[in-house]
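Undergrad: What follows is the residue order along each chain.
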Amino acid sequence: MYLPKFTLESPRSIEEAVSLLGSGEQTKLLSGGTDLFPRMKYKLCSPGVLISLKGLPSFPPQIDEERKLIIDANISLTAITLSPEILEKAPLLALAAQKVATREIRNMGTLGGNICQETRCLYLNQTHTFQFTEPCLKRGGKECYFAPKGKKCWATFMSDIAPTLFCLNASVIVAGLDGEQQIKIEEIYTNDSLKPLSLKPDQIITKIIVPKTQSPSGNGFAKFTVRKTIEFAIVNVGVFLETEKDLKTCKKARIAVGAVSEGPQRALEAEDWLAGKSLSKENINKVSQKAASSLKIIPHHGYSKKYLTECLKIQSKQALNDAVEGLADQSNRGR
Amino acid sequence: MTTTQRKKIIGLTVNEETYELAVECQETLLDVLRNNLGLTGTKEGCGTGECGSCTVLLEGEPILACLMLAVECENKKIETIEGQSINGDLTPVQEAFLEKGAVQCGFCTPGMVLASTDLLKRNPDPSKEDIMESLGGHLCRCTGYNKIMEFVHHAAKLNRDNT
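Residue numbers (our numbering), protein chains in the order written: chain A, 1112 to 1446; chain B, 2 to 164.
No wet-lab data here; the hints were simulated from the structure.
Don't take every hint at face value.
Unchecked claim - Below, a list of computed lysine-lysine pairs in the PhoX-like style, where the Cα atoms sit at most 20 Å apart:
1. A/K1362 / A/K1397
2. A/K1306 / A/K1263
3. B/K8 / A/K1116
4. A/K1339 / B/K129
5. A/K1359 / A/K1306
6. B/K9 / A/K1165
7. B/K158 / B/K129
8. A/K1139 / B/K77
9. A/K1323 / A/K1139
10. B/K8 / B/K77
11. A/K1388 / A/K1363
12. A/K1179 / A/K1388
13. B/K101 / A/K1165
14. B/K77 / A/K1165
15. B/K77 / B/K9
16. A/K1306 / A/K1362
17. A/K1262 / A/K1306
18. A/K1139 / A/K1154
19. B/K8 / A/K1165
20. B/K9 / A/K1116
Claimed, not checked - Every beta carbon over 10 Å from chain B, so not counted as near; a handful from chain A, in silico:
21. P1115
22. P1149
23. P1171
24. Q1292
25. T1301
26. K1359
27. T1360
28. K1362
29. S1404
Treat the numbers as computed from the prediction; the structure is a model and nothing was measured.
Glycine included, each C-beta is placed from N, C-alpha and C at the ideal position.
Modelling step: build the complete structure from the supplied sequences, incorporating the hints.
TA: Okay, structure coming up:
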């Protein structure tokens, strides 16, 4: 399967990349290529110009004087799993990166690329030959085949890493023709499957900032797939628990879920409920139920809403238990 | 200075030999290895990063040649299955593959061998889970994977015996 023809630009600075990106609509950014190239081969998009980010200056993850973690958006997913700074300050990010696809894809794929990936759908991600006579809504047609006669696209956002950045209260630094700005990770998602990102055509994510956390914390990430590897999630859940000094009482919980709707979602109701409560088995069971029942779930890839809700309960519980087990290990080490 | 590329002459170092080639920017490393250099050991299965049969080592790390532009591999060291044996002497990984009969149609074999070579370099004594994790991106439609699991364990043993 060959790629369609395009022109490749290889800027050496962010400023050059931004000016190239702002110069026309038929441009797309190329980072790892693991999301873009399959879509180009399926003719889901045919950009005339690709702007490669591989030649941009890079830097390893850094911890600044305010104890914030600053990560280059172009870091490979393998490098995330190996970085001592990330393992120390944001182990949740490394847990999620380790669960993405396969070693080969993690060597190629980047953090920025993963959080900016396109939404996916069983009807969409294939060549047109296998689709229906008319292209689907996201492919430029008039109808969503998932919901017959539907005028809304129902493709789901599959990133494993984006929910963990929600948990870590991360921000992104975005460079554009108007200069740099820092925006919360939640704000880059539109919850619209046709255009999942709110970034303007001239904007590039250059850095990811993870703020310092105050309390002792526990991390958990669960991804449910049939084949365990090289598969997009049926559902994924990230959990970040800030606790009191006893490591058994939840001070603040952040639970985020991906792969079940048009964008990552925070389980705010469940988070509020758990705050101030003990991290007992009973409470974890209850909060998992609350997380699953309060979120928007779209049936996808052949899985029904009922099945996905059950999966979400189990995976939330798994991620919460992992976080609590991590806290118990910390407690044992402290003795 | 921005460089605009449509067709570019690049130097590719494949299996320690340097080639100078004129490639179009949309050509993947897989296209160039197979069509320009005749190195057809690297297979094209799905072409979209799902099967692992196009795996090559780029700077020693396994990547998918079907999703990597050839022009972006300039001045980087590429190893394909053809470069594994030296003067006909198979590597312990290849020997183990043969001894354990982990080949049927052979289409996935080059990718499996390279991914296993990478795994054993990082982890000389991998567990079953380590093997499943590292070879998870390689589809085999013939063997049912049991023989492949056996071969990686055997290759690890041969590697240890050799050292």
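Undergrad: Does each hint fit the structure? Answer for all of them.
TA: Structure-based check of each hint:
Restraint check for A/K1362 and A/K1397: satisfied, since their Cα atoms lie roughly 17 Å apart, inside the 20 Å limit. The suggested pairing of A/K1306 with A/K1263 holds, with an alpha-carbon distance near 12 Å, which does not exceed 20 Å. For the given pair, B/K8 sits about 11 Å from A/K1116 by alpha-carbon distance, which is consistent with the 20 Å threshold. Between A/K1339 and B/K129, the direct Cα distance comes to roughly 14 Å. Compliance with the 20 Å bound is thereby established for this hinted pair.
The suggested pairing of A/K1359 with A/K1306 is violated, with an alpha-carbon distance near 41 Å, which exceeds 20 Å. Distance restraint check for B/K9 and A/K1165: the Cα-Cα separation of roughly 17 Å lies within the 20 Å cut-off, and the hinted pair is therefore satisfied. With a CA separation close to 14 Å, the supplied pair B/K158 and B/K129 stays within the 20 Å bound. Distance check on the hinted pair: A/K1139 and B/K77 sit about 25 Å apart at the alpha-carbon level, beyond 20 Å; violated.
Distance check on the hinted pair: A/K1323 and A/K1139 sit about 33 Å apart at the alpha-carbon level, beyond 20 Å; violated. Of the pairs offered as hints, the one joining B/K8 and B/K77 holds, with about 19 Å between alpha carbons and a cut-off of 20 Å not exceeded. Of the supplied pair hints, the one linking A/K1388 and A/K1363 holds, its CA atoms being roughly 9 Å apart against a limit of 20 Å. Under the criterion of a C-alpha separation no larger than 20 Å, the hint pairing A/K1179 with A/K1388 is inconsistent with the structure, at around 28 Å.
Among the hinted pairs, B/K101 with A/K1165 is inconsistent with the structure: their alpha-carbon atoms are about 41 Å apart, more than 20 Å. Under the criterion of a C-alpha separation no larger than 20 Å, the hint pairing B/K77 with A/K1165 is consistent with the structure, at around 13 Å. Between the alpha carbons of B/K77 and B/K9 the distance comes to roughly 16 Å, so the proposed pair stays at or under 20 Å and holds. A hinted pair counts as satisfied when its Cα atoms are at most 20 Å apart, and A/K1306 with A/K1362 does not qualify at roughly 36 Å.
For the given pair, A/K1262 sits about 14 Å from A/K1306 by alpha-carbon distance, which is consistent with the 20 Å threshold. Our distance criterion of 20 Å between C-alpha atoms is met by A/K1139 and A/K1154, whose separation comes to about 14 Å. The straight-line distance between the Cα atoms of B/K8 and A/K1165 is roughly 18 Å, inside the 20 Å bound, and the hint therefore holds. A C-alpha spacing of about 14 Å is found between B/K9 and A/K1116, which places the hinted pair at or below 20 Å, so the restraint holds.
With a closest Cβ-Cβ approach of about 7 Å to chain B, A/P1115 is found to fall inside the 10 Å limit, against its non-interface label. With a minimum CB-CB distance of about 4 Å to chain B, A/P1149 fails to clear the 10 Å threshold, and the non-interface call is violated. With a least CB separation of 17 Å from chain B, A/P1171 remains clear of the 10 Å interface cut-off, as annotated. For A/Q1292, the condition that its CB be more than 10 Å from all CB atoms of chain B holds, with the nearest at approximately 24 Å.
Against the 10 Å criterion, A/T1301 stays outside the reach of chain B, whose nearest CB is about 26 Å from its own CB. The claim that A/K1359 lies off the interface holds: its Cβ sits roughly 31 Å from the closest Cβ of chain B, which is beyond the 10 Å cut-off. The beta carbon of A/T1360 is kept farther than 10 Å from every beta carbon of chain B, the shortest such distance being approximately 34 Å. Against chain B, the non-interface label of A/K1362 holds: every CB pair exceeds 10 Å, the least being about 34 Å.
With 10 Å as the threshold on Cβ separation, the claim that A/S1404 sits away from chain B holds: the shortest Cβ distance comes to roughly 33 Å.
Violated hints, in rising order: 5, 8, 9, 12, 13, 16, 21 and 22; the structure is consistent with all others.
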